[in-house]
Amino acid sequence: GAGVSQSPSNKVTEKGKDVELRCDPISGHTALYWYRQSLGQGLEFLIYFQGNSAPDKSGLPSDRFSAERTGGSVSTLTIQRTQQEDSAVYLCASSAGTGASGIQYFGAGTRLSVL
Amino acid sequence: AQSVTQLGSHVSVSEGALVLLRCNYSSSVPPYLFWYVQYPNQGLQLLLKYTSAATLVKGINGFEAEFKKSETSFHLTKPSAHMSDAAEYFCAVSDRAAGNKLTFGGGTRVLVKP
Chain Y
576 GAGVSQSPSN KVTEKGKDVE LRCDPISGHT ALYWYRQSLG QGLEFLIYFQ
626 GNSAPDKSGL PSDRFSAERT GGSVSTLTIQ RTQQEDSAVY LCASSAGTGA
676 SGIQYFGAGT RLSVL
Chain S
35 AQSVTQLGSH VSVSEGALVL LRCNYSSSVP PYLFWYVQYP NQGLQLLLKY
85 TSAATLVKGI NGFEAEFKKS ETSFHLTKPS AHMSDAAEYF CAVSDRAAGN
135 KLTFGGGTRV LVKP
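Chains as they are written, first to last, in the numbering used here: chain Y, 576 to 690; chain S, 35 to 148.
A hint or two may mislead.
To be verified - With the Cβ distance kept under 8 Å, some of the chain Y side facing chain S (calculated, not the full set):
| no. | residue |
| --- | --- |
| 1 | G591 |
| 2 | A606 |
| 3 | Y608 |
| 4 | G615 |
| 5 | A629 |
| 6 | D631 |
| 7 | F640 |
| 8 | S670 |
| 9 | Q679 |
| 10 | F681 |
Claimed, not checked - A few chain Y residues that don't get close to chain S, going by computed Cβ distances all over 12 Å:
| no. | residue |
| --- | --- |
| 11 | Q581 |
| 12 | K590 |
| 13 | E619 |
| 14 | S637 |
| 15 | D638 |
| 16 | R639 |
| 17 | V649 |
| 18 | E660 |
| 19 | V689 |
Keep in mind that the hints were calculated from the coordinates and are not lab data.
The C-beta atom is built at its ideal place from N, Cα and C for all residues, glycine as well.
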């Protein structure tokens with residue numbers, strides 16, 4: 576596809592359930608990022624993948640959150656035992672460059688609602 | 035740690051009037067700075083970026099921003115607002131010491147009145 580694709584676009588789950596959010600980056604982009612957008616916290620960084628390097632997990636809020644990137648392409652963000660405070664829009668972005676000036680292209684996000 | 039402050043969470047302008055969105059950053063090294071726009075139910079779209087080439091940066095849709103190191107500011111302007119400019123705008127700084135992760139300001143929602 577032409578842009579970053581995220582699925583599902585909306586996810587409603589019950590407290591305590593696990594969820595998986597998927598991101599398909601732009602083809603050829605080596606860098607992939609996850610951010611979370613919530614009313615209380617604004618936009619915050621979660622995790623960053625660059626090529627085959629170990630991911631930067633410094634933004635993950637708890638050990639209930641994990642992410643993987645298979646084959647240097649598709650990424651899955653997993654939230655275990657969801658809590659109501661996990662309700663937010665989860666945004667994925669990808670970038671072609673390795674330098675800090677590289678433009679990040681964002682997907683439309685997954686809106687997660689935890690009941 | 036880097037931080038970004040956007041003054042004013044909501045701005046209301048009349049169609050045809052100047053749009054001015056304020057952004058101040060805190061960074062220990064010369065930063066890379068970005069403005070993104072978010073329309074309802076969409077992801078973020080890049081308006082423009084500053085990477086130390088020129089202090090006045092022109093972006094899409096008639097927006098521009100000026101980097102002022104002495105004021106640690108990167109304010110976004112557009113001379114004449116259009117109804118289609120109604121959206122939320124985010125200023126961000128790139129962490130050069132830790133890959134490319136972006137630190138965002140709190141966002142400014144722009145309302146354009148006819």
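Query - Minimum Cβ-Cβ distance from Y/E619 to chain S exceeds 12 Å - result: At about 8 Å from chain S, Y/E619 fails to clear the 12 Å cut-off, so the statement is violated.
Query - No chain S beta carbon within 12 Å of Y/Q581's - result: violated (8 Å)
**Report entry** Hint check: 8 Å Cβ-Cβ cutoff, Y/G591 to chain S
**Finding:** violated (28 Å)
**Report entry** Restraint check, 8 Å cut-off on beta carbons, for Y/A629 near chain S
**Finding:** At 11 Å from the nearest chain S Cβ, Y/A629 fails the 8 Å test, so the hint is violated.
Query raised in the report: Does the claim that Y/K590 lies off the interface hold, with its Cβ farther than 12 Å from every Cβ of chain S?
Result: With a cut-off of 12 Å, Y/K590 remains clear of chain S, as the shortest Cβ separation is near 25 Å.
Query - Interface hint status, Y/G615 versus chain S (Cβ within 8 Å) - result: Where the cut-off is 8 Å and the nearest Cβ of chain S is about 11 Å from Y/G615, the hint is violated.
Query raised in the report: Measuring from the C-beta of Y/Q679 to each C-beta in chain S, is the shortest one below 8 Å?
Result: holds (7 Å)
Query raised in the report: If you take the shortest Cβ to Cβ gap from Y/D631 to chain S, is it below 8 Å?
Result: holds (6 Å)
Query raised in the report: Is it the case that Y/V689 keeps its Cβ farther than 12 Å from each residue Cβ in chain S?
Result: Non-interface label on Y/V689 holds, nearest chain S Cβ at 19 Å vs cutoff 12 Å.
Requested in this report: Could you let me know if the closest chain S CB is still more than 12 Å away from the CB of Y/E660?
Outcome: holds (18 Å)
Query raised in the report: Taking the closest Cβ pair, is Y/F640 under 8 Å from chain S?
Result: violated (16 Å)
Query raised in the report: Any CB of chain S closer than 8 Å to the CB of Y/Y608?
Result: Holds: closest Cβ of chain S sits about 7 Å from Y/Y608, inside 8 Å.
Against the hints set out earlier in the document, violations occur for numbers 1, 4, 5, 7, 11 and 13.
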